[in-house]
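Chain by chain, the residues:
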Amino acid sequence: MKPSIKPNMKLSAALILPILLLLSSITLSVYAGVEVREFTDAEQERRYHKLIDELRCLVCQNQNLADSNSQLALDLRNKVFEMLAAEKTDQQVADYMVQRYGEYVLYNPPLDPVTSILWIGPILAVIAAILLLLIFIFKLSKTTPVTLSDEDRAKTKNLLDQKGDDE
Amino acid sequence: MLKYIVPLVLFVVLIVFLAIGLQNDPRYIPSPLIAKVAPAFSLPRLYAPDAKFGPDLLKGKVWLLNAWTSDCRGCRAEHPYLLELASQDIVSLVGLNYRDSNQLAKSLLDQTGNPYRIVVTDNSGSVGIDYGIYAVPETFLIDRKGVIRYKYIGPLGPDEIYGTLVPLIKRLKQEPA
Numbered sequence: 002m003k004p005s006i007k008p009n010m011k012l013s014a015a016l017i018l019p020i021l022l023l024l025s026s027i028t029l030s031v032y033a034g035v036e037v038r039e040f041t042d043a044e045q046e047r048r049y050h051k052l053i054d055e056l057r058c059l060v061c062q063n064q065n066l067a068d069s070n071s072q073l074a075l076d077l078r079n080k081v082f083e084m085l086a087a088e089k090t091d092q093q094v095a096d097y098m099v100q101r102y103g104e105y106v107l108y109n110p111p112l113d114p115v116t117s118i119l120w121i122g123p124i125l126a127v128i129a130a131i132l133l134l135l136i137f138i139f140k141l142s143k144t145t146p147v148t149l150s151d152e153d154r155a156k157t158k159n160l161l162d163q164k165g166d167d168e
Numbered sequence: 382m383l384k385y386i387v388p389l390v391l392f393v394v395l396i397v398f399l400a401i402g403l404q405n406d407p408r409y410i411p412s413p414l415i416a417k418v419a420p421a422f423s424l425p426r427l428y429a430p431d432a433k434f435g436p437d438l439l440k441g442k443v444w445l446l447n448a449w450t451s452d453c454r455g456c457r458a459e460h461p462y463l464l465e466l467a468s469q470d471i472v473s474l475v476g477l478n479y480r481d482s483n484q485l486a487k488s489l490l491d492q493t494g495n496p497y498r499i500v501v502t503d504n505s506g507s508v509g510i511d512y513g514i515y516a517v518p519e520t521f522l523i524d525r526k527g528v529i530r531y532k533y534i535g536p537l538g539p540d541e542i543y544g545t546l547v548p549l550i551k552r553l554k555q556e557p558a
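Just so you know, the protein sequences line up as chains A and B, in that order. Taking this note's numbering, I'd label the letters of the first sequence as residues 2 to 168. Taking this note's numbering, I'd label the letters of the second sequence as residues 382 to 558.
Simulated from the structure, these hints should not be mistaken for lab results. Each hint should be verified, as a subset may be incorrect.
As the list claims (entries may be wrong) - With a Cα cut of at most 20 Å, we get these calculated EDC-like pairs of lysine to aspartate or glutamate: (1) Lys80(A) x Asp113(A); (2) Lys89(A) x Asp151(A); (3) Lys89(A) x Asp162(A); (4) Lys80(A) x Asp42(A); (5) Lys417(B) x Asp96(A); (6) Lys442(B) x Asp540(B); (7) Lys89(A) x Asp437(B); (8) Lys143(A) x Asp96(A); (9) Lys80(A) x Asp511(B); (10) Lys89(A) x Asp54(A); (11) Lys526(B) x Asp511(B); (12) Lys526(B) x Asp452(B); (13) Lys440(B) x Asp491(B); (14) Lys532(B) x Glu39(A); (15) Lys417(B) x Glu39(A).
The structure displayed is predicted, hence computed values, not measured ones.
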């Protein structure tokens, strides 16, 4: 038998596409927030980066504070740093921003009646999809199976035997 | 029949959602400061740096706080309308010169006219942060109790001023201090 190339190519194409999609979802954080900061310890530095990652810049709306070069983002990074230096908790920093700019600044919005559709929506969509799939499978299983006549069986057997002769 | 109706209904629902989404202005972010007391500050005045101004000085009055900078195009666009509003003596206009140079701010007002009763200078932008300012010009309407009642983001035009602001100002003036 000749080595078949086509099925393999299909297989690799089928694999490459999801891999590319997965890769495209991974983004590297390139920090615009490169100001020189003197953190008291590594923990404070970690909290600082976590906070500026999770707070949205209001000027460049699809960037977080860490990514944005805008003047306001710089001011707000300074504010976050100041507040951490003054031993405020992460929650206090987040509350400070929400009080001024609204929940819009949180990339990770809290679960409340307004945001519930954001959180529950995808789960509902998955449940609906599974239900639809089950209904589809159920319907498929109920269709009458194809019955073969004796004549059909004889034909099939004949064809299969012929194939066996070739090899 | 259901086979066709269900996807059609889903499609229509999706289209309605997307259509509503398209109408929304992504630049407009509802301010959490509405119905809250205007954050206190004490900033030097542009024309009298030794004298400070803060919201408490206008308690009992309805007033507008207008954040602007000398290099902002939207501020220049609304400037003539602010001058016109100021000339009608309906409301006190306070200018918050946000993160600007005092010299540039002064020279612009000297050239184009000054609609403000008072201009304060927020050189560091810290008062701007307290008011959640992210895109000048922004205008806050503050009532006699010192509570922010309305905020407008972007350049004010005749529609916003005479359609929304002035009627609201007249109503707020009726409220007890």
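field: Given hint Asp54(A) paired with Lys89(A) - CA-CA distance at most 20 Å
entry: Status holds; Cα separation ~17 Å.
- prompt: Is the Cα-Cα distance between Lys417(B) and Asp96(A) 20 Å or less?
  reply: At roughly 15 Å apart (the allowed maximum being 20 Å), Asp96(A) and Lys417(B) satisfy the hint.
message: So if I understand the rule, the pair passes when the alpha-carbon distance is 20 Å or less; does Lys89(A) with Asp437(B) pass?
response: Outside the cut-off at roughly 28 Å; violated.
message: Hinted pair, alpha-carbon criterion (20 Å max): Lys526(B), Asp511(B). Please report holds or violated.
response: Roughly 19 Å between the alpha carbons, so the hint for Lys526(B) and Asp511(B) holds.
message: Just to be careful, I want the Cα atoms of Lys526(B) and Asp452(B) compared with a cutoff of 20 Å; is the pair within it?
response: The hint is violated at about 33 Å.
- prompt: Between Lys89(A) and Asp151(A), does the CA-CA distance stay at or below 20 Å?
  reply: Given that 20 Å is the threshold and the Cα spacing comes to 83 Å, the pair is violated.
message: Does Asp511(B) sit within 20 Å of Lys80(A), going by the straight-line distance between their CA atoms?
response: At roughly 11 Å apart (the allowed maximum being 20 Å), Asp511(B) and Lys80(A) satisfy the hint.
- request: Starting from Lys417(B), check that the Cα of Glu39(A) is at most 20 Å away, please.
  value: violated (36 Å)
message: Please verify whether Lys143(A) and Asp96(A) have alpha carbons no more than 20 Å apart.
response: violated (57 Å)
message: With the threshold set at 20 Å, check whether the alpha-carbon distance from Lys89(A) to Asp162(A) stays at or below it.
response: The given pair, whose Cα atoms are some 81 Å apart, is violated under the 20 Å limit.
message: Check the hint pairing Lys80(A) with Asp113(A) against an upper bound of 20 Å on the C-alpha distance.
response: The given pair, whose Cα atoms are some 27 Å apart, is violated under the 20 Å limit.
message: With the threshold set at 20 Å, check whether the alpha-carbon distance from Lys440(B) to Asp491(B) stays at or below it.
response: Given pair Lys440(B), Asp491(B) is violated - Cα atoms ~29 Å apart, limit 20 Å.
In summary, the numbered hints that this structure violates are 1, 2, 3, 6, 7, 8, 12, 13, 14, 15.
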